[in-house]
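Novice: Listed below are the residues making up each chain.
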Amino acid sequence: MKDLLADALARLTRQDGVDYADARFVQHESETLHCKDRKLESYARAQSQGHCFRVLYRGAWGFAARPDCAPADVEASARRAIEVGRASAAVNKTRVRLCDEEPQRGSYKTPMRIDPFEVATERKVGDLLGPVADLAGRPHVRTVDGRLLFRRARTLLLTSEGTDVEQSVTYGSGGLKVIVERDGEVQQRCHPMDHDGGVGQMGYELLETLDFAGQADRIHDEALGLLAAPPCPTGETTLILDTAQLALQIHESCGHPTEGDRALGEELSLAGGSFLSPDQRGKLQYGSTIVNLSADSLTPRALGTFGWDDEGVPARKTPLIVEGRFVGYLTSRETAAKLGLVRSAGACRAESWARMPIVRMINVSLEPGSGSLDDLIADTDEGVLMGPNRSWSIDDLRLNFQFGCEIAWEIKGGKRGRILRNPMYTGITPRFWGSCDRIAGPQEFRTWGFLNCGKGDPVQSMHVGHGCAPARFRGVSVGAAR
Amino acid sequence: MIGRDALLSRLDEAIRAGGADEVELSFSGRERGTSRLANNALTQCMEVSERILRARVALGSRLGTAQTDDISSDAVRECIRRAAAIAAVAPEHPDFRGFPGPAEPHTGGMITDPAGPERRAASLSPILDRARARNLSLAGLCSETLFEDAVANSRGVRVHAQRGAAKLELIAADGDAAGYASATAGDLAAIDHAGVGEAACDKAERGRGPVSLPPGEYDVVLEPASVSEVLEWLGMTSFSARDMEDGTSFLCGRIGERVMSEALTIVDDGPSPAGGHVPVPFDAEGVPKRRVTIIDRGVPCACVHDSLSAARAGVASTGHAPPLGEDLLGAAAAGDLFVEPGDRSMDELIGSVDRGLLVTRFHYVNGLLDPPRAMMTGLTRDGLFLIDGGKVKSGVRNLRWTQSILDAFSRIAGLSRERRAVPTWWSSLGAYVCPAMLVSRWTFTGQSR
Numbered sequence: 001m002k003d004l005l006a007d008a009l010a011r012l013t014r015q016d017g018v019d020y021a022d023a024r025f026v027q028h029e030s031e032t033l034h035c036k037d038r039k040l041e042s043y044a045r046a047q048s049q050g051h052c053f054r055v056l057y058r059g060a061w062g063f064a065a066r067p068d069c070a071p072a073d074v075e076a077s078a079r080r081a082i083e084v085g086r087a088s089a090a091v092n093k094t095r096v097r098l099c100d101e102e103p104q105r106g107s108y109k110t111p112m113r114i115d116p117f118e119v120a121t122e123r124k125v126g127d128l129l130g131p132v133a134d135l136a137g138r139p140h141v142r143t144v145d146g147r148l149l150f151r152r153a154r155t156l157l158l159t160s161e162g163t164d165v166e167q168s169v170t171y172g173s174g175g176l177k178v179i180v181e182r183d184g185e186v187q188q189r190c191h192p193m194d195h196d197g198g199v200g201q202m203g204y205e206l207l208e209t210l211d212f213a214g215q216a217d218r219i220h221d222e223a224l225g226l227l228a229a230p231p232c233p234t235g236e237t238t239l240i241l242d243t244a245q246l247a248l249q250i251h252e253s254c255g256h257p258t259e260g261d262r263a264l265g266e267e268l269s270l271a272g273g274s275f276l277s278p279d280q281r282g283k284l285q286y287g288s289t290i291v292n293l294s295a296d297s298l299t300p301r302a303l304g305t306f307g308w309d310d311e312g313v314p315a316r317k318t319p320l321i322v323e324g325r326f327v328g329y330l331t332s333r334e335t336a337a338k339l340g341l342v343r344s345a346g347a348c349r350a351e352s353w354a355r356m357p358i359v360r361m362i363n364v365s366l367e368p369g370s371g372s373l374d375d376l377i378a379d380t381d382e383g384v385l386m387g388p389n390r391s392w393s394i395d396d397l398r399l400n401f402q403f404g405c406e407i408a409w410e411i412k413g414g415k416r417g418r419i420l421r422n423p424m425y426t427g428i429t430p431r432f433w434g435s436c437d438r439i440a441g442p443q444e445f446r447t448w449g450f451l452n453c454g455k456g457d458p459v460q461s462m463h464v465g466h467g468c469a470p471a472r473f474r475g476v477s478v479g480a481a482r
Numbered sequence: 001m002i003g004r005d006a007l008l009s010r011l012d013e014a015i016r017a018g019g020a021d022e023v024e025l026s027f028s029g030r031e032r033g034t035s036r037l038a039n040n041a042l043t044q045c046m047e048v049s050e051r052i053l054r055a056r057v058a059l060g061s062r063l064g065t066a067q068t069d070d071i072s073s074d075a076v077r078e079c080i081r082r083a084a085a086i087a088a089v090a091p092e093h094p095d096f097r098g099f100p101g102p103a104e105p106h107t108g109g110m111i112t113d114p115a116g117p118e119r120r121a122a123s124l125s126p127i128l129d130r131a132r133a134r135n136l137s138l139a140g141l142c143s144e145t146l147f148e149d150a151v152a153n154s155r156g157v158r159v160h161a162q163r164g165a166a167k168l169e170l171i172a173a174d175g176d177a178a179g180y181a182s183a184t185a186g187d188l189a190a191i192d193h194a195g196v197g198e199a200a201c202d203k204a205e206r207g208r209g210p211v212s213l214p215p216g217e218y219d220v221v222l223e224p225a226s227v228s229e230v231l232e233w234l235g236m237t238s239f240s241a242r243d244m245e246d247g248t249s250f251l252c253g254r255i256g257e258r259v260m261s262e263a264l265t266i267v268d269d270g271p272s273p274a275g276g277h278v279p280v281p282f283d284a285e286g287v288p289k290r291r292v293t294i295i296d297r298g299v300p301c302a303c304v305h306d307s308l309s310a311a312r313a314g315v316a317s318t319g320h321a322p323p324l325g326e327d328l329l330g331a332a333a334a335g336d337l338f339v340e341p342g343d344r345s346m347d348e349l350i351g352s353v354d355r356g357l358l359v360t361r362f363h364y365v366n367g368l369l370d371p372p373r374a375m376m377t378g379l380t381r382d383g384l385f386l387i388d389g390g391k392v393k394s395g396v397r398n399l400r401w402t403q404s405i406l407d408a409f410s411r412i413a414g415l416s417r418e419r420r421a422v423p424t425w426w427s428s429l430g431a432y433v434c435p436a437m438l439v440s441r442w443t444f445t446g447q448s449r
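If you read the protein sequences in the order shown, they are chains A and D. Heads up: the first sequence begins at 1 in our numbering, then just goes up one per residue. Heads up: the second sequence begins at 1 in our numbering, then just goes up one per residue.
Treat the hints as calculated values from the structure; they're not laboratory data. Any given hint might turn out to be false.
Pulled from the structure, derived: some chain A residues nowhere near chain D, Cβ distances all over 12 Å [said to hold, decoys possible]:
| # | residue |
| --- | --- |
| 1 | V144 |
| 2 | T209 |
| 3 | R281 |
| 4 | S370 |
| 5 | S435 |
| 6 | R438 |
What the simulated footprint calls covered on chain D by chain A, stretch by stretch (three residues with Cβ under 8 Å from a Cβ of chain A suffice, anywhere in the stretch; the number is not a length) [unchecked claim]:
| # | region |
| --- | --- |
| 7 | 40-50 |
| 8 | 257-269 |
| 9 | 345-357 |
| 10 | 384-395 |
Quick caveat: nothing in here was measured; it's all calculated off a predicted structure. Every residue, glycine too, gets a C-beta built ideally from N, C-alpha and C.
Just need the whole structure built from these sequences, with the hints factored in.
Specialist: Okay, structure coming up:
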């Protein structure tokens with residue numbers, strides 16, 4: 001396949017008007033298990049492969065992709081990509097330019113102890129069905145869901161500038177969700193969180209980190225606690241976020257607004273723009289001076305880690321917020337050039353062979369401070385501890401957000417008190433991060449991630465990582481979703 | 001496109017060679033062309049061919065599933081073998097009653113030759129010129145997709161359909177002001193490109209110099225795109241049998257009880273061409289899509305089922321197994337929702353508001369706050385206007401709202417007689433057909449900055 005793509009790419013690059021071109025060949029493999037109550041609801045294995053060409057023709061992009069990989073198919077895709085680029089170039093008044101990047105060669109493979117695709121089917125079913133069935137028989141349980149997912153993508157990338165890299169990225173996720181009901185009140189509790197559960201770029205050893213059997217008692221007890229709990233009181237108070245919720249807060253209010261394409265208005269057709277406009281870089285105080293956030297595709301075992309992004313930019317770390325000041329963007333080579341940056345942040349990624357790479361998050365993480373979560377609580381006279389996420393919403397410039405969480409605990413006199421149900425909080429991004437006055441230390445730092453961050457049009461799902469330790473915010477508007 | 005005879009005979013051959021108790025093969029192929037715009041330029045344009053073949057195998061009531069995009073005979077047989085290997089060690093599924101049997105399917109839609117990248121670019125060029133001349137920046141998407149779907153199983157199901165779907169969505173922007181307009185149809189030739197472009201630009205111009213309004217209760221006229229966003233979340237959180245089983249649907253315990261305005265009727269009707277909807281004849285199990293009345297004049301009636309949930313409930317599948325490749329939730333999905341129209345014109349709806357807001361569309365609605373009460377939050381976007389004395393006045397800065405949709409939709413004061421199919425962002429096929437809606441006392445809870 002490599003020779004076929006390389007030959008087609010070489011022919012394509014020689015054509016008049018072609019400024020740049022790349023070719024990708026990707027093989028996807030996945031396995032998903034879903035257990036409900038005492039049943040294996042579904043168990044599926046999927047495979048997909050295909051190739052694509054991306055061409056910069058007289059400064060306009062063209063892209064074509066197809067699953068068949070015979071020589072005639074590869075030639076047809078290359079031709080089609082040029083036709084698409086030519087059509088766009090005839091309309092556009094400006095030309096795309098790419099910032100420089102050295103050609104890359106090499107390979108990357110996810111480090112793992114147990115290849116999840118080599119683990120016996122029976123073992124996987126047992127590892128998931130056991131804890132799900134255990135929860136299903138408990139008091140007031142309406143339903144229990146358990147999910148496991150493993151994915152692998154093998155990618156070959158060749159560019160007209162000489163880049164030739166191969167990668168094999170494997171990651172997984174898993175989670176439990178129990179829904180309880182009593183007297184018409186319905187509540188849920190998940191481990192470790194709803195949506196994608198616990199995630200990691202690793203093998204089947206992920207199951208050991210999830211410890212389903214050891215967490216069943218806790219989530220059932222907390223779910224029952226929610227049924228009897230009072231609603232979260234409304235008002236301004238001190239808010240401590242656990243790492244699962246803080247990961248989504250980072251995702252929505254830092255990750256997305258620092259995407260260079262959003263800041264340039266190129267994502268208006270779906271997700272929106274960003275309040276972090278280019279003129280604000282280096283000037284805007286985004287948060288308090290203890291807030292440091294960076295984009296880093298080198299973080300071990302995180303979902304946004306790789307050898308190279310999908311245009312061959314090597315993994316690297318780029319500061320986004322330094323001592324509270326907005327300093328950097330997530331970029332591709334195109335957006336970096338438009339923003340006047342010397343180099344890309346290496347954040348140009350595609351969902352699959354069938355999608356054009358766009359600016360995506362990699363691992364956007366908050367640097368830890370000091371102390372434990374218990375220290376943070378002990379240092380708080382009055383407030384609320386919330387997490388993990390249940391609902392999320394943020395405006396098209398990423399300023400006004402509102403998050404609902406599964407559970408909250410009252411904090412009084414430095415102690416964690418009663419459970420509060422249907423908690424939610426709302427704020428304006430720079431004010432909220434400006435109120436951050438303490439972040440717990442490295443011992444509490446945890447890397448989370450999301451498998452299905454949606455962006456682009458047609459929409460693309462992407463797996464991204466977020467690391468953080470619990471953090472405290474002052475004067476936050478909280479309430480109950482009722 | 002492979003074609004009916006070639007595709008079904010290939011699936012037939014693989015099923016005969018499958019060697020399992022029961023085999024089901026579902027195929028979904030797409031030829032998609034998209035031209036994406038931003039800053040008055042074509043930014044991301046693609047021609048992509050994709051397909052999925054799913055094999056489900058039953059050994060007694062033990063089930064296994066495998067998927068591939070290689071549809072050579074050997075690859076399809078291998079896919080069946082992989083599904084059978086899972087089924088061989090899977091526990092029995094107590095709800096499985098066999099794959100669905102044959103039923104008379106609805107007829108598929110028509111397809112026309114796609115415009116292709118050159119004609120798409122040429123048809124967008126004058127719209128871009130017009131936006132430049134008006135000092136506006138245009139973003140959006142023009143897409144056309146040809147679909148080919150087929151299902152065959154060892155019980156004799158043999159269904160096939162081809163159809164086309166096209167959409168044009170545009171946002172014109174100028175600083176604080178923006179305007180959105182869209183259209184969807186079976187093919188791009190049926191879409192009035194200039195009309196959509198002018199509508200988006202007119203809205204943006206009208207919204208220049210927006211005023212700030214404090215949060216509070218306002219009477220609102222919701223255009224079809226904003227009704228569609230709320231409908232989408234009602235569908236995702238409450239209209240599937242899964243939501244009923246979990247007890248999280250607002251329909252739970254309320255079937256037969258009026259919970260919303262008598263003016264509101266919501267149906268899921270895949271085969272319907274009403275309002276510009278592209279008909280969908282059957283689901284991924286090959287079951288013909290049935291019209292399901294979910295809310296009848298404010299009264300919850302039913303949810304949608306796939307074959308497994310139908311077996312659990314002791315009813316027939318309604319043909320709502322999720323599309324291949326879009327089955328994230330793994331449960332029956334209401335993907336073709338319609339709100340029945342009213343008898344008012346848009347002008348009459350606006351004219352009946354003394355002081356309120358005209359809402360073009362919503363942004364980032366989320367319905368997971370408290371699904372049993374249909375609690376949702378969201379923001380306005382791309383065209384929020386003050387209505388004063390029955391007339392549309394200035395643009396208004398965006399606002400956040402948070403409320404129970406059960407409460408809000410109990411206060412529907414009018415629906416337009418005209419309906420529009422509004423494309424959904426998460427599905428290349430789905431569109432919801434909605435009228436405009438006048439709702440009293442919509443609860444806005446915050447300003448967007």
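Novice: The structure should be examined with respect to each hint, and the outcome stated for every one.
Specialist: Results for each hint:
no., hint, in the structure
1, V144, "10 Å, violated"
2, T209, "24 Å, holds"
3, R281, "19 Å, holds"
4, S370, "33 Å, holds"
5, S435, "17 Å, holds"
6, R438, "26 Å, holds"
7, 40-50, "holds (count 11)"
8, 257-269, "violated (count 0)"
9, 345-357, "violated (count 0)"
10, 384-395, "violated (count 0)"
Going through the hint list in order, the structure does not satisfy hints 1, 8, 9, 10.
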